Amino acid sequence: EPEVTQTPSHQVTQMGQEVILRCVPISNHLYFYWYRQILGQKVEFLVSFYNNEISEKSEIFDDQFSVERPDGSNFTLKIRSTKLEDSAMYFCASRLQTAAGEQYFGPGTRLTVT
Amino acid sequence: ELKVEQNPLFLSMQEGKNYTIYCNYSTTSDRLYWYRQDPGKSLESLFVLLSNGAVKQEGRLMASLDTKARLSTLHITAAVHDLSATYFCAVGPGTGNQFYFGTGTSLTVIP
Numbered sequence: 009e010p011e012v013t014q015t016p017s018h019q020v021t022q023m024g025q026e027v028i029l030r031c032v033p034i035s036n037h038l039y040f041y042w043y044r045q046i047l048g049q050k051v052e053f054l055v056s057f058y059n060n061e062i063s064e065k066s067e068i069f070d071d072q073f074s075v076e077r078p079d080g081s082n083f084t085l086k087i088r089s090t091k092l093e094d095s096a097m098y099f100c101a102s103r104l105q106t107a108a109g110e111q112y113f114g115p116g117t118r119l120t121v122t
Numbered sequence: 009e010l011k012v013e014q015n016p017l018f019l020s021m022q023e024g025k026n027y028t029i030y031c032n033y034s035t036t037s038d039r040l041y042w043y044r045q046d047p048g049k050s051l052e053s054l055f056v057l058l059s060n061g062a063v064k065q066e067g068r069l070m071a072s073l074d075t076k077a078r079l080s081t082l083h084i085t086a087a088v089h090d091l092s093a094t095y096f097c098a099v100g101p102g103t104g105n106q107f108y109f110g111t112g113t114s115l116t117v118i119p
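So the protein lines, in turn, are chains L and A. Heads up: the first sequence begins at 9 in our numbering, then just goes up one per residue. Heads up: the second sequence begins at 9 in our numbering, then just goes up one per residue.
Please keep in mind that the hints were generated in silico from the structure rather than gathered at the bench. All values derive from a computational prediction rather than experimental measurement. Every residue gets a Cβ at the ideal spot worked out from N, C-alpha and C, and that includes glycine. Be aware that one or more of the hints could be misleading.
[What the hints assert, rightly or not] In silico DSBU-like links for lysine-lysine, alpha-carbon gap of 30 angstroms or less:
id: 1; chain 1: L; residue 1: 50; chain 2: A; residue 2: 11
id: 2; chain 1: A; residue 1: 25; chain 2: L; residue 2: 65
id: 3; chain 1: A; residue 1: 49; chain 2: A; residue 2: 25
id: 4; chain 1: A; residue 1: 76; chain 2: A; residue 2: 11
[Claimed, not checked] Which residues of chain L face chain A? A partial, calculated answer using Cβ under 7 angstroms:
id: 5; residue: 10
id: 6; residue: 51
id: 7; residue: 53
id: 8; residue: 63
id: 9; residue: 64
This is chain L alone, in the form it adopts within the complex (with noise of 0.2 angstroms):
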């Protein structure tokens, strides 16, 4: 059964560093996201992206934030200067353009600011 796949599953970085989130998602699938989830909340939209372009952002997605799909399968997440508030877990999901939308979650990378 096709899933999402993302690396690394863990990443340690240091404070103002830059991290790249990886992910592919699943091959026919046209709408891709990017979630971020601090240990024991809440799921948190970072930003949606189709037909090569970001279609809707959230607040989080700052300047420091950008996303890519450098190819036919990747999709990136680039935080550019990380800060210790980021340390969280970060899914990555793909849907089809379909009406049903259901999104297929990757396994997640954990991101650790120190």
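Take the given structure of chain L and dock chain A to it, following the hints.
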């Protein structure tokens, strides 16, 4: 901004008992999703509800949607320990492309 509230936030119940988790949302939508999350894991899709009055059942879980009341419920029948997890509802997408997640309900089933 659309608000999605779940209650209770924490639920401890004995095996064999029944209980309902509620999901209220603040704007009109006819697309409601339920997910399960085990500790340290990703989100697993449980139900997709796409119209008013929709009811879906899988095993001991049953979800329903009342779009007029802006309310979805997740009913647990005869709980077993394996159901212990956090359950999230999510609304959307509407006119945009964004999903809004509820606060989550942490369920613990006690033997």
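Each hint tested on the structure:
Between residue 50 (chain L) and residue 11 (chain A) the alpha-carbon distance is near 12 angstroms, which keeps this suggested pair within the 30 angstroms criterion. For the proposed pair residue 25 (chain A) and residue 65 (chain L), the alpha carbon gap of about 41 angstroms is over 30 angstroms, so the pair is violated. Pair hint residue 49 (chain A) plus residue 25 (chain A) holds up; C-alpha atoms about 26 angstroms apart against a cutoff of 30 angstroms. For the suggested pair residue 76 (chain A) and residue 11 (chain A), the alpha carbons sit about 16 angstroms apart, so the restraint of at most 30 angstroms is met.
The closest approach between the C-beta of residue 10 (chain L) and any C-beta of chain A is roughly 14 angstroms, which is over the 7 angstroms cut-off, so the hint fails. Among the interface hints, the one on residue 51 (chain L) holds; its C-beta lies about 4 angstroms from the nearest C-beta in chain A, closer than the 7 angstroms criterion. Nearest Cβ of chain A to the Cβ of residue 53 (chain L): about 6 angstroms, under the 7 angstroms cut. The hint holds. With a least beta-carbon distance of about 4 angstroms to chain A, the hint placing residue 63 (chain L) at the interface is held under the 7 angstroms criterion.
Satisfaction of the interface hint for residue 64 (chain L) is found here, the shortest Cβ-Cβ separation to chain A being roughly 5 angstroms, below the 7 angstroms cut-off.
Violated hints, in rising order: 2 and 5; the structure is consistent with all others.
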